[in-house]
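So the protein lines, in turn, are chains A and B.
Those letters in the first sequence? Residues 1 to 122, per the UniProt record's numbering, in order.
Those letters in the second sequence? Residues 1 to 122, per the UniProt record's numbering, in order.
Hint data in this document are derived by calculation from the structure and do not stem from the laboratory.
Predicted, not measured: the structure shown is a model, and the values here were computed from it.
A few of these clues could be false.
Far from chain A, some chain B residues (derived; all Cβ distances over 12 Å) [stated by the list, open to error]:
#1 N10
#2 F13
#3 H14
#4 V35
#5 K40
#6 K51
#7 K54
#8 E57
#9 R92
#10 E102
Covered stretches of chain B, going by a simulated chain A footprint (3 or more residues, C-beta under 8 Å) [to be verified]:
#11 43-50
#12 63-74
All C-beta atoms in this analysis are idealised placements derived from N, C-alpha and C, irrespective of residue type, glycine included.
Take a look at the letters that make up each chain.
There are 2 protein chains.
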Amino acid sequence: MVKSETTQLNTVFHALGDATRRQMLLELADGERTVGELAKPFEISLAAASKHIKVLEKAGLIRREVRWRTHVCHLEPAPLAGAHEWLGFYERFWTDRLDALERLLHKEDASQSPYDKEGDDP
Amino acid sequence: MVKSETTQLNTVFHALGDATRRQMLLELADGERTVGELAKPFEISLAAASKHIKVLEKAGLIRREVRWRTHVCHLEPAPLAGAHEWLGFYERFWTDRLDALERLLHKEDASQSPYDKEGDDP
């Protein structure tokens, strides 16, 4: 079970590591698209688009439905939840950094105040 | 600006698409580690570990500090926030799916109730 979760995270993050594939997911968030429609915004061949779509399918992020001779793609969002959860573990770290930065800025403000006052009140 | 964000997401997601590298980040969440310490849990050479560390550095997820002849690595969590935010856009989709599933289950429960009653009260 742990292994399959690991494999899924590998394929999902790998699929997301390409701007064209991320853009395709964004398109599919608006609704189903044919392979041709997914390829259109990029200056790539249908074959190249198909390769990207296969990577997304392998990661379970897309479901492809065949209607006559047309392949229609749908977004499958579930695997994104696992990736989001994995990243969520680190949220405390980037939040801690921001908090530390804020504390530093307040400290600098506080240490500057006496000089400002001296300046105001010679 | 948009381009550099895109490039950063590419390198961050690419870096996360490998279980060894994700495990290294998890180790660093506990505190700084030398390259040797990061390599230890995996049966890989220092050279192989160093390659993974370089991918993580390129994505801005690790900062490497040289202390004498020892390279010490630190977690740099900020780029993970961007990836988390990107995935957060899709949260509504996986939540919608779960809501729809829940509605379906409730509907099934409701439609089963009369039969259950008939069974109880012949």
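Broken hints, by number: Numbers 1, 2, 3, 9, 11 and 12 - these are the hints that the structure violates, sorted from lowest upward.
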